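Residue-level listing of the chains:
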Amino acid sequence: MINKDVASISDAVADIFDGATVMIGGFGEAGSPVELIHALIDQGAKNLTVVNNNTGSGEVGLAALIKAGRVAKMICSYPRSMNSTVFPELYKSGRIELELVPQGTLAERIRAGGAGIPGFYTATSVGTPLEEGKERKTFGGRDYVLELGLTADFALIKAHRADTHGNLIYNKTARNFAPAMATAAKVTIVQTRELVAPGGIDPEVVITPGLFVNRVVTVANPAHESALVAAGVSYP
Amino acid sequence: MASRVAQDIPDGSYVNLGIGIPELIAKFVPEGREFIYHTENGLLGMGPSPEPGEGEPELINAGKRQVTAIPGASYFHHPDSFVMIRGGHIDLCVLGALQVAQNGDLANWSTGGPDAIPAVGGAMDLVAGVKSIFVVTQHCTKKGAPKLVEACTFPLTGPAVVDRIYTDLAVIDVTPAGFQLVEISPGVTFDYVQERTGAPLLPIASPTA
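Chains as they are written, first to last, in the numbering used here: chain D, 1 to 236; chain S, 1 to 209.
Isolated chain D, as found in the complex:
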C-alpha cells in the first residue's frame, strides 16, 4: 500500500546527512517550506550545499539555516533581498561559497537534472562574466553556453494540498521552483497545508504527480517568513 504520509516533521528530515545537497523550494518567502527548514536546523545536518533562488531573510527559515553555520555552499540567482543580512555577512568574510546562476538557467538546470539530461546549451550569460569557464558553441549563427543539469540528495518543498500518494497542488506564486525540484532530488520531502485521500485532488489539476514525492508531512498553518521577520523572530 502506498502511503507517503509521515507523522512528524522531525521524522521527515531525519536522514538528511552531512554534506548533502538540498534543494529548497521558494522564491523569496512564497513557497518557502519554513517548518521543514526549521526541522532541518533542529536535526543538525551540516556542510550542506543548498539550492534556492535566494538566501532567505531575517533570521528564520533559510537565513536561519545559513546563520547556524550548516550551509557550506549556496547555489542561487539572487543572494540579496529585503531584510537579507545573514548571507552577505558570511559571504563577505569568506565563510560561505556562492555559485551564482541566472534564474532561468537555474530553473532549467534543475529541470534537466530531473529529466536525466546532463547538460544543455543556452544563450543566457553569453558574453558576460557568468560565462567564464563554460564551453561555448555556435548553433545557427548564434552563440550558446553549455550548462549542466543539477540534481540533489533531498528536496524540501511546500504544497497547498497533497494526497497520500504524493500528488501535489500549490498556491499561486508559491509554486515556483518546487515542481522541478521534486523531479531532481533523490528524496523529495513535502510540507502541505492539507492532506487528503487519493481522489481528493482532481487528476486534471495535479501539478506534481506523486511518483516524484517520497514523504508528505502536514503543516496546517505554515508560518509566513515576512510575519516572523516582522515579529523579530530568530530561529531557533
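Heads up, a few of these hints could be off.
Listed next, the stretches of chain S that the computed footprint assigns to chain D, with coverage defined by at least 3 CB atoms under 8 Å from CB atoms of chain D [claimed, not checked]:
1) 28 to 37
2) 75 to 87
3) 174 to 188
Pulled from the structure, derived: some chain D residues nowhere near chain S, Cβ distances all over 10 Å [said to hold, decoys possible]:
4) Ala14
5) Gly149
6) Asn176
7) Lys186
8) Ala231
9) Val233
Stretch-level coverage of chain D by chain S, calculated; a stretch enters the list once three of its residues show a Cβ under 8 Å from a Cβ in chain S [what the hints assert, rightly or not]:
10) 25 to 31
11) 38 to 52
12) 88 to 98
13) 127 to 140
14) 168 to 174
Hints in this document: simulated from the structure, not taken from any laboratory.
The structure displayed is predicted, hence computed values, not measured ones.
The beta carbon of each residue, even a glycine, is placed where N, CA and C say it ideally should be.
Fit chain S to the supplied structure of chain D, relying on the hints for placement.
Below, chain S alone, put in the same frame as chain D:
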C-alpha cells in the same frame, strides 16, 4: 518616462517589467490597449498592488512585492516561466540600466565592486530571450556621469541586446550606426543631450519636403 514607454507598446503585447521605473508603466496603459504582464516567478496576468490588508504572501512579483492576478491570469512553475522568456515568447521586456553602450550592450546587474554581493536574478535570461528590450533610465547617474556610453565598464548583462532607450532627456534607438535620437524632451536641445551622452548621437533626421 513610464508613460512615454507605454505609448510605444502595441495592443495585446505580453510584457515583462523590471523593478523600479519600469513597474510604473502599468499605470499608463493607453486607452483601448490591453497588455498582459509576465512576472518571472510564475504569473502571467499580473495585476496592480492589492488594497492595504488584502495582499497575500504567496502572490508576489519578481521584486517580491505583493501583487494581484487579473481575470484570465495563469500560474506556472519556473521552468515554464523561463520557457516563455528564453523561448522568445514574451514580446517586450522593459529594464533599468547602469550603462548602455552604443552597440546595445547592457550592464544592469553588478557594479563589479570587490565588496558587492553578486546577484543576477532573471536579467540575463530576459535580455537573451525576449523579442524586444527597452531600457528606461535617468540619462545620467546621480553624480552626473553618462549612462549611455561607447563601451560599458560594468559587467555585462548581455551583449548587443538593447533596442530602445527612454531617458528623462530623450528617446534613443540603438542602431548599427550607433545611438539614433528619436525624440527629445520638451525644452531640451540636441547639444544638451549630446553633452550628457558618452557616445555620438545621430540627430533626428529633418523631415523631407
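Hints, verified against the model:
no. : hint       : verdict
1   : 28 to 37   : violated (count 0)
2   : 75 to 87   : holds (count 9)
3   : 174 to 188 : violated (count 0)
4   : Ala14      : holds, 28 Å
5   : Gly149     : holds, 12 Å
6   : Asn176     : violated, 5 Å
7   : Lys186     : holds, 19 Å
8   : Ala231     : holds, 14 Å
9   : Val233     : holds, 15 Å
10  : 25 to 31   : holds (count 5)
11  : 38 to 52   : violated (count 0)
12  : 88 to 98   : holds (count 4)
13  : 127 to 140 : holds (count 4)
14  : 168 to 174 : holds (count 5)
Of the numbered hints stated above, those contradicted by the structure are hints 1, 3, 6, 11, listed in ascending order.
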